[in-house]
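Use these hints to put chain B onto chain A, whose structure you have.
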Amino acid sequence: MADNRILQTALKQLRKSADKAQCRLTETRSTEINADEGVVKLLRTTGNSSLLLQAIKNGRKGTHSINKTNASSVSEAVKAVLSSADSAPADPAHDFAHRPNRRSLVKGPLQPDLDQMHSRLTELLADIRERYPLVRVRAAIVAHVNRHDRLVNSSGVDLTSSTGVYWFMVMFLAKQGTKTSSFNYSGSSLPDLSGRLIDTGMLHLQFQQVQDQLNCGQSSGKFSGDILLAPGCLAHFIDDYSGIFLCDRALISETSLLRDKLGQKVADQDFSLETSPVNKCFCETEWFNSDGFVQKGCRLIDAGVLKHFSLSLYGARKTGRKRSSNVSQFYIVKPGNTNLDAMLSSIKRGLLVLRFSGGTPSVSGDFSGVAKNCYYIENGKIRHPVTETMVAGNLLAMFKNIRSISRERVNSGSWLLPWMLFSGLTISGK
Amino acid sequence: MIDLDLRHASPDFKHYTELRLQENKETRLSLINGSLISNSRTAKSGLSARTYINGSWGFASSPVIDKRTLRAVLKEADFNAGYLNRKVKLGKPELPCCRKKAVDVPEAPKKPCSATELVAFMTGLDHLISDSCPKLSSRSLRLYFISMEKKLITSCGSELHSLLPRISLYVDLTMEHKGEPVSLYNVYGGYGFFEQHFTSPEALLPAVEKQYQSLEQKSRGIHPRAGVHTCILDAELGGILAHEAVGHTVESDLVRSGSVAADRWRQPVASPIVSLADFAHTALGRPCPVPVHIDDEGMAARDAMIIENGILSSYLHDKESAMDFNMPPTGNARAFEYSDEPLVRMRNTAILPGKDRISDMIASIDDGYYLIRPGNGQADATGEFMFAVTMGYEIKKGALGRALKDVTVSGVAFDFLKTVDMVSDELSWECGGFCSKKQLMIVGMGGPAVRGLINVGGR
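Chains as they are written, first to last, in my numbering: chain A, 93 to 522; chain B, -10 to 448.
Since the hints were made in silico from the structure, they are not lab data.
Be a bit skeptical, because a hint or two may be false.
To be verified - Here are the simulated BS3-like pairs of lysine-lysine, each with C-alpha atoms no more than 27 Å apart in a straight line:
| # | chain 1 | residue 1 | chain 2 | residue 2 |
| --- | --- | --- | --- | --- |
| 1 | A | LYS440 | A | LYS426 |
| 2 | A | LYS399 | A | LYS492 |
| 3 | B | LYS100 | A | LYS171 |
| 4 | B | LYS76 | A | LYS133 |
| 5 | B | LYS100 | B | LYS33 |
| 6 | B | LYS426 | A | LYS271 |
| 7 | A | LYS353 | B | LYS167 |
| 8 | B | LYS33 | A | LYS112 |
Chain A extracted, bound-state conformation:
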């Protein structure tokens, strides 16, 4: 096989000078049909390859990536990565997976069905026009990605995955006369195109919301209230939480306020968070990682207790902590025992938020931003959509102040999340 020849050649060349070496060749073939402003406009077929070479020499590490696989390019890249390693200071934390492991995975449809992609996209646009006449589709894409990924290293790791997955994305707003709603978007990965795209995720609610938003009210003044986050919106908050408190950078720099909290309660007892890039519920996968390990699920927070940090091999060795069994954003949050309707009914004053436009939280976890595509809720009833409404809070406090978690969950193909209701946020209207 061509990939084996390329990788073994590169590995052999690197091993002549390096103590440890690792090579990864990723080849992707994407087929993508695009609609702009509701009209199918573009068919795009792209090929790419990425050859990632890494070498450790006397504790010094270099990395070089090219997208060519011919012999002369590979030889040049080998020289470049060795030169890069020579330039670096020694750091004993650098390493690759060192247990021999030869495995492979094949998952999903490896070839696209172009006619079906076209018909599903056309059907989605027609469904939107018929059922949500005020919605305008800014862009919609149905795509298929075939990815062949192989990693070998000097310790006998040889991992191969061949995957195929469909995905779609739609970005939209509503328009009536001169009134314009906020835009919103949604996307999911799919194992096949057997169902109507409009029935995916929360699209019906999102389309309805932008239509409603043409007639907004405002939440006046400032108050401490509840926010009910939709699953897609929750994913962004979990991303921020993980980035600021749980990941390599936060632990290596020692800016994480949770750095000494392993085994301690850091969130509400109903909150359990795991990352699981190989879970069968997902059509996407990251079967192995860039350290050369086959990934497994990892429970980061269990019943509110911090169980693991999300650390790579380098992050773990650098900080003297345990390596996470995966480093990914394939989030799974355990469902709660409350129906979404009951959660809404329990809100005395607050917001139902489908999209949040916020700044990157500070290292202390403080955040603020605009609640987009949202409704104002009072005494358990949705009153009206609102605009120009800001929400401020602190991520650590927020996940300690969870009021309820829904039974219902949404699967995007790469995360599985419920609705979550948080209390004690500062909400301020204009």
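What follows is chain B alone, placed relative to chain A:
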């Protein structure tokens, strides 16, 4: 870049066609508290073709660069456009043509820094910061260099060879105050190569020490009061406002979807003292940070005066939208990687300078805020925007007061711009702007400082 004469494929053009050969090179070095955690280089190059048949587009790309692949990519793009044309039957007319040739390749340093020298610069700067800034609990330095080299030919006869280099050094400093970490980052560098911006770690240290002093002030800072206040947005925040909250709403694809700018053509959208432009390559006689002479459709790039004395006066176009809107093309079609199709993108977006001095602007405010450094920002089709502000001061009785902790400001662009009553007399560009819209893109953002009413997040 691997070279190939794209004109080999010209005889095979059957329809409107663009052929592009592109290479993006990147270098990343990252230090956290003195440890080099990233030391990588990437080169990505390839061929792409895009063809147009009666309103349907076909695009294809390959990382292989040779004559055979060139023809294969062109054939595949033709097939893709033909496939959609048969399915969709849009029946649109031919695109407007522009025959323009340009070479825009800045001279690279005669003696570029080696990998060892770059690492030595970074570790040297880190040592200096560690010695000079004793209260820091953490320091993070990240060097990012990108160069985009493109060769383009079109069936209209346009030819382009361009190189866009940019170096950015991100310095992120953290200290603790009463057990709470407080951070402040800054970006140094800009258009060009490392060697043109950074001579030695010592030369950069004064700027970082100033950043450290600002961080000290911020660590003792206050949370601003939530609500609408009279504020001065300094140049970088003015730039992000121009880009995010105005620029995106006038991109022709968003206009067509019904953005707020669609209904404001030739109407007042800002105070008469506000003019705002997307510059192609030169602003007020000086080169812009992201010069574009010919865009990726081979169209001559020209300045787009988006707002002229408060009146909405221009949208941003690619060839097709200019034809659809019956407006002059502006040359805003840009693609990030060889495997990306050109989209309507901004280039260098800024409010034009006014006549006020920043000191007079501060002195004019009895109770408000001076907002200086942005974090990230987002905006909406409605012009509603949100920007993080990572450095600012309160203004009390015409003088700067205490520093501010991180805060978010929001508003609606055209509403805010109508409240602008002072514009400073200097234009400055920020160093490291990227825009994300299906693809990444290097952009320039800048401006003067502006005074107006804005909603401050606060607590």
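Given the hint that LYS440(A) pairs with LYS426(A), does the C-alpha gap stay at or below 27 Å?
Holds: LYS440(A) and LYS426(A) sit about 25 Å apart, inside 27 Å.
Agreement of LYS399(A) and LYS492(A) with the hint, judged by alpha carbon distance not exceeding 27 Å
With Cα atoms ~16 Å apart, LYS399(A) and LYS492(A) stay inside 27 Å; holds.
Has the given pair, LYS353(A) with LYS167(B), been kept, meaning a C-alpha gap of at most 27 Å?
holds (19 Å)
Quickly compare the C-alpha distance for LYS100(B) and LYS171(A) to 27 Å and report which way the hint goes.
Distance ~19 Å between LYS100(B) and LYS171(A) Cα, so the pair holds.
Holds or violated: LYS33(B) to LYS112(A), with C-alpha atoms at most 27 Å apart:
holds (25 Å)
Does the alpha-carbon distance linking LYS426(B) and LYS271(A) stay inside the 27 Å limit?
holds (24 Å)
Are the Cα atoms of LYS76(B) and LYS133(A) separated by 27 Å or less?
Roughly 10 Å separates the two Cα atoms, so the pair holds.
So if I understand the rule, the pair passes when the alpha-carbon distance is 27 Å or less; does LYS100(B) with LYS33(B) pass?
holds (23 Å)
Checked against the numbered hints given earlier, the structure satisfies every one of them.
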